[in-house]
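Construct all of the structure, not just a fragment, from the sequences and the given hints.
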Amino acid sequence: MRDKNSLVQAWLMKADKDLLTAKRELSFEDPVVESVCFHSQQAVEKYIKAYLVYKDISFSKTHDIGKYYQRKCNLKKREKIKTFF
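The sequence shown begins at 1 in the numbering used here and counts up by one.
No wet-lab data here; the hints were simulated from the structure.
Among the hints, a few may not be true.
Quick list of in silico lysine-lysine cross-link-like pairs, DSS-like style, CA-CA up to 30 Å [claimed, not checked]:
#, residue 1, residue 2
1, LYS14, LYS4
2, LYS17, LYS55
3, LYS55, LYS23
4, LYS14, LYS55
5, LYS4, LYS23
6, LYS4, LYS55
7, LYS14, LYS61
8, LYS23, LYS61
9, LYS61, LYS17
10, LYS17, LYS4
11, LYS61, LYS4
What follows is the structure, given as structure tokens:
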């Protein structure tokens, strides 16, 4: 099993690639909006997973990671927004 820092870096690298894909698609004259949204959402999930690994918060294999993160960290909606911005 990889150490925590390696896992965090792996999630961050995957998220960066999804974000790059979304940005590249947006650079086209007629971008496929669905693709931009999909890769943006994937990037957000992976950034959150990197944070959860960093904070030693376990998570199940799910695509509803935002609600899972909010529940596990006991955050209110306003706190959740402030956490990321």
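We went through each hint and held it up to the structure:
Straight-line distance between C-alpha atoms of LYS14 and LYS4 comes to about 16 Å, which keeps the hinted pair within the 30 Å bound. For a cut-off of 30 Å, the pair hint linking LYS17 to LYS55 stands: about 22 Å separates their Cα positions. Simply put, LYS55 and LYS23 have alpha-carbon atoms about 28 Å apart, close enough for the 30 Å limit, and the pair holds. Pair hint LYS14 plus LYS55 holds up; C-alpha atoms about 18 Å apart against a cutoff of 30 Å.
The hinted pair formed by LYS4 and LYS23 meets the criterion: a straight-line CA distance of about 29 Å does not exceed 30 Å. This hinted pair checks out: LYS4 and LYS55 have alpha carbons roughly 10 Å apart, not beyond 30 Å. Proposed proximity of LYS14 and LYS61 is supported: the alpha carbons are some 16 Å apart, at most 30 Å. Note on LYS23 and LYS61: the hinted pairing holds, with a Cα-Cα distance of about 26 Å set against a maximum of 30 Å.
With a C-alpha separation of about 20 Å, the suggested pair LYS61 and LYS17 falls inside the 30 Å cut-off, and the hint holds. Restraint check for LYS17 and LYS4: satisfied, since their Cα atoms lie roughly 20 Å apart, inside the 30 Å limit. Using a Cα cut-off of 30 Å, the hinted pair LYS61 and LYS4 holds, with the two alpha carbons roughly 17 Å apart.
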